[in-house]
Amino acid sequence: MERVRRRRPLVAALLVAAMVGEPMTSSGQTSQPDQLRQELEEMKEQLRRVEEQMKKQEAIIQKQQAVIDRLTAQKPAVAAPVGGAPPPPEQVQAAAAPPTAPAPAPQAPTPEKPREPWSPSQPITLLSGARGYMNISFDALMDFGWSTTSNVTAIETGDHDPLQRGFTLPNEEIFLDGAVDPYFKGVADLVFKLDENNNTDVELEEVYLTTTALPWNLQTKGGQFFSEFGRINQQHPHAWDFVDQPLVIGRMFGPEGLRNPGARLSWLVPTPFYSEIFLAVQNGQGETAYSFRNSGTEFFGRPPLDRTVRNPGDLLYTPRLVASFDLTDSQTLVAGVSGAFGPNDSGSSTRTQIYGGDLYWKWKPSWQAGGFPFLAFQTEALGRRFEAGPVGGTTPLPSQALYDWGIYSQLLYGFTQRWVAGVRADWVSNNASGLPPADRLAGRFRWSPNLTFFPTEFSKIRLQYNYDHGKTIPNGDDSSVWLQVEFLLGSHAAHKF
Amino acid sequence: MHVLRRLLVTLLVAIVGGPSMSHAADKLKVVATTADLAAVARAVGGDDVDVTALARPTEDPHFVDAKPSFIRIVNQADVLIEGGASLEAGWLPPILDSARNSKISAGSPGRVVAAQGITLLEVPTQLDRSMGDVHPQGNPHFMLDPVAAKTVARSIVTAFCAVDHTRCAGYQDALSRFDTAIDGKLLAWQATLAPFKGTKVVTYHKDFDYFAERFGLEVIDTLEPKPGIPPSPTHLTELIPKMRAEHARLILIEPYRERSNPDFVAQNTGARVLVLPAMPDGKDAPDYIALVDSDVRQLAAALGEKPARP
Chain A
1 MERVRRRRPL VAALLVAAMV GEPMTSSGQT SQPDQLRQEL EEMKEQLRRV EEQMKKQEAI
61 IQKQQAVIDR LTAQKPAVAA PVGGAPPPPE QVQAAAAPPT APAPAPQAPT PEKPREPWSP
121 SQPITLLSGA RGYMNISFDA LMDFGWSTTS NVTAIETGDH DPLQRGFTLP NEEIFLDGAV
181 DPYFKGVADL VFKLDENNNT DVELEEVYLT TTALPWNLQT KGGQFFSEFG RINQQHPHAW
241 DFVDQPLVIG RMFGPEGLRN PGARLSWLVP TPFYSEIFLA VQNGQGETAY SFRNSGTEFF
301 GRPPLDRTVR NPGDLLYTPR LVASFDLTDS QTLVAGVSGA FGPNDSGSST RTQIYGGDLY
361 WKWKPSWQAG GFPFLAFQTE ALGRRFEAGP VGGTTPLPSQ ALYDWGIYSQ LLYGFTQRWV
421 AGVRADWVSN NASGLPPADR LAGRFRWSPN LTFFPTEFSK IRLQYNYDHG KTIPNGDDSS
481 VWLQVEFLLG SHAAHKF
Chain B
1 MHVLRRLLVT LLVAIVGGPS MSHAADKLKV VATTADLAAV ARAVGGDDVD VTALARPTED
61 PHFVDAKPSF IRIVNQADVL IEGGASLEAG WLPPILDSAR NSKISAGSPG RVVAAQGITL
121 LEVPTQLDRS MGDVHPQGNP HFMLDPVAAK TVARSIVTAF CAVDHTRCAG YQDALSRFDT
181 AIDGKLLAWQ ATLAPFKGTK VVTYHKDFDY FAERFGLEVI DTLEPKPGIP PSPTHLTELI
241 PKMRAEHARL ILIEPYRERS NPDFVAQNTG ARVLVLPAMP DGKDAPDYIA LVDSDVRQLA
301 AALGEKPARP
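Taken in sequence, the protein lines are chains A and B. Position 206 of the first sequence, counting from 1, maps to 206 under this note's numbering, and the rest follow consecutively. Position 153 of the second sequence, counting from 1, maps to 153 under this note's numbering, and the rest follow consecutively.
Treat the hints loosely; a few may be bogus.
Unchecked claim - Within a straight-line C-alpha distance of at most 25 Å, the following computed SDA-like cross-link-like pairs (lysine to any residue) qualify:
id, chain 1, residue 1, chain 2, residue 2
1, B, LYS103, A, MET134
2, A, LYS362, A, HIS236
3, A, LYS460, B, GLU258
4, B, LYS200, B, LEU121
5, B, LYS226, B, GLU213
6, A, LYS496, B, PRO94
7, A, LYS460, A, LEU489
8, A, LYS221, A, VAL187
9, A, LYS496, B, GLY228
10, B, LYS27, A, VAL269
11, A, LYS496, B, ASP133
12, B, LYS226, A, SER459
13, A, LYS362, B, GLU258
14, B, LYS103, A, PRO215
15, B, LYS226, B, GLU258
16, A, LYS496, B, ASP60
17, A, LYS460, B, GLY132
18, A, LYS63, B, ALA191
19, A, LYS460, B, PRO94
20, A, LYS185, B, GLN116
Unchecked claim - Derived contacts from chain A toward chain B, CB cut-off under 8 Å, selection only:
id, residue
21, TYR274
22, VAL334
23, ARG418
24, ALA494
Simulated from the structure, these hints should not be mistaken for laboratory data. Cβ atoms here follow ideal geometry from the backbone N, Cα and C, with glycine treated the same way.
Turn these sequences into a full structure, and let the hints steer you where they fit.
Shown next as structure tokens:
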């Protein structure tokens, strides 16, 4: 309608010009009143005809405009790339204006039509989730704190935990991920950390690809990756709810967690609820297969051998079964059982079995903003059967099976937006069965309340107190306070539940 | 042993029965990330589709938990409808990774990115997180604009037709009916809100911008100092005189927002807090048109009242 109205002044101006021009030329020729009247009549007639014509044209324009509007309203997505810009909103509204306008004819089925391209008016952005070939991020964890003992490594078990009084930079990682092609997704996680002597250690923490197009709900993973055992072993320190790893994880999987080169097959079971079965086969050697072929650590007084893989049975097998249920609209439960089976280096044919059970429960009300409030409980229990080989010499040790276990439980309460209060209890058993004192594993207990503030999901500030108690703790017990600060640059990979 | 055998039988039934069960339903399995997208999918899919929304209508769509049950739902989907423009960036990717469903993988005919075809507002000219959590592709809260909803409905029908050729004509008919219904309603909505054109409002987050633009309201500021950052005292002390000076009459918030900051600002400015649902909840607003209808009526009622000045 706007457009039609805008044309009117133009037509009127032309008419006025014609009217003014006409009498001037005629008045110059004659001054007779009759002739004047006659001319005036002629002009009136002319004006009437012009007006009539104008009305006709206006009607035509209106009709055409309605047709144009209807067409643009029908196919705005198609019209946009052709026209260079989407139709202005007033046109789309105008399409609705004539109430008598017939409903647009149903479009012919066009399933073969390719998807409409993005509107050119939308800018191209780089490294922003869906627009780049690769997501890239850098995450830095920094710890500052103090403990009663000056030997912090006697109380903390992880390589990504605080290592000393004062400042520690235990985990600075570059995380890359993206679709490789229609068949694979690739992930690389490169970790840099400063040791107690301020030397930089570099770790190829994880490098793996996963398949994306296998049939029958299967998926494989290949490369170096954290074994899918329990919950916390799969998480990077950035996703942890506490400054340090649980004691039982340190006991079973050592300072680096259970990760090794290998392959993993998983099957999403077609049950009405979520359930998935994993089976990983990995080399199982070195410090990152702590309880297995780990030639760097002495277990139970047995000097480690350096065993190689002689047959497929010498590889590390890690099965896991996990299931999840939505108890109510606001409560979700995840339960899993895991195992890790492989040879260890304490004898020529000794093996280790680790069993684990994990439980996670989360409550988040239907009305949540920013992911708050929530209440989350998590617990993992791990038990180990370690076949220790015989040792000869002056202090001979028999071939024996040694058992130990541990558990941690934690409760996290996101009480208001950006604030989370947490508490964790940690316990590992002793293992004294007939071993000389030096070779025994002592039981330990830890109690850790903490408070975390998340300015955004790209940073956090965490304060944690640890009370440690046990025979291996200097002076029997220890108090420590840690402040952790984290920042994340680049894309923030979404967290798994 | 009996328990083990029963478990094995159950498992076998699940394996063999799994695929055949999906045939039995014979409806297109549609999964939408949010309730508004689900409502539009239901409008154009009718009885031929079975639509599941992942996020609850009452929750913040940016911060949804990637529940494992979603993996199973997405694994079974024939069509997945997401808002796009990074709305679900915090929770959808791990679900897709685990769901291993090639029918709805990126670029597949069964994948609908609603933001495609929408001219997004507030596309940042530079990416800088000191500006808050600005989405690189622009503001993703476009679904309250009925004209945008028409475009989304068209994208959805394109996907429905691509994966379900035989019932394409039915989807196209439903699309025409949806378009006509929106066109008819749009006039009424605009007429209802016409007297309040140019009214200045404040929102909590940038989630009513498209709605405001469509219906002639002017959003002068947000309670959040920057997108995703909760209201701070510093920002509110600047906002209150600004709202007074510009005579902002309403504070529009979504139902899941906290009320203390909006109420505080309302008390100090004379503006009114209006809770406007952005998602059809299946109860008060059973479908998309009812949602916009209810929001427009509430807005008109709120603006029709005499403004209270302190």
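Does B/LEU121 sit within 25 Å of B/LYS200, going by the straight-line distance between their CA atoms?
holds, 18 Å
Run the distance test for A/LYS496 versus B/PRO94: straight-line Cα separation, threshold 25 Å.
The hint holds at about 6 Å.
Once the shortest beta carbon distance from A/ALA494 to chain B is found, is it less than 8 Å?
holds, 5 Å
Taking only the CA atoms, is the gap from B/LYS226 to B/GLU258 under or equal to 25 Å?
holds, 17 Å
A/LYS460 paired with B/GLU258 [C-alpha distance capped at 25 Å]:
holds, 22 Å
Assess, step by step, whether the Cα of A/LYS460 is no farther than 25 Å from the Cα of A/LEU489, and give holds or violated.
holds, 13 Å
Below or equal to 25 Å on CA atoms is what counts here, so check B/LYS226 against A/SER459.
With a Cα-Cα distance of about 16 Å, the restraint between B/LYS226 and A/SER459 holds, given a limit of 25 Å.
Please verify whether A/LYS362 and A/HIS236 have alpha carbons no more than 25 Å apart.
holds, 20 Å
Grab the minimum C-beta distance from A/TYR274 to chain B and call the hint holds if it beats 8 Å, violated otherwise.
Result: holds, 4 Å to nearest chain B Cβ.
Satisfaction of hint between A/PRO215 and B/LYS103, Cα-Cα up to 25 Å:
Holds, at about 11 Å.
Given the hint that A/LYS496 pairs with B/ASP60, test it: the Cα-Cα distance must not exceed 25 Å.
Roughly 18 Å separates the two Cα atoms, so the pair holds.
Quickly compare the C-alpha distance for A/LYS185 and B/GLN116 to 25 Å and report which way the hint goes.
holds, 24 Å
In summary, the structure agrees with every hint in the numbered list given earlier.
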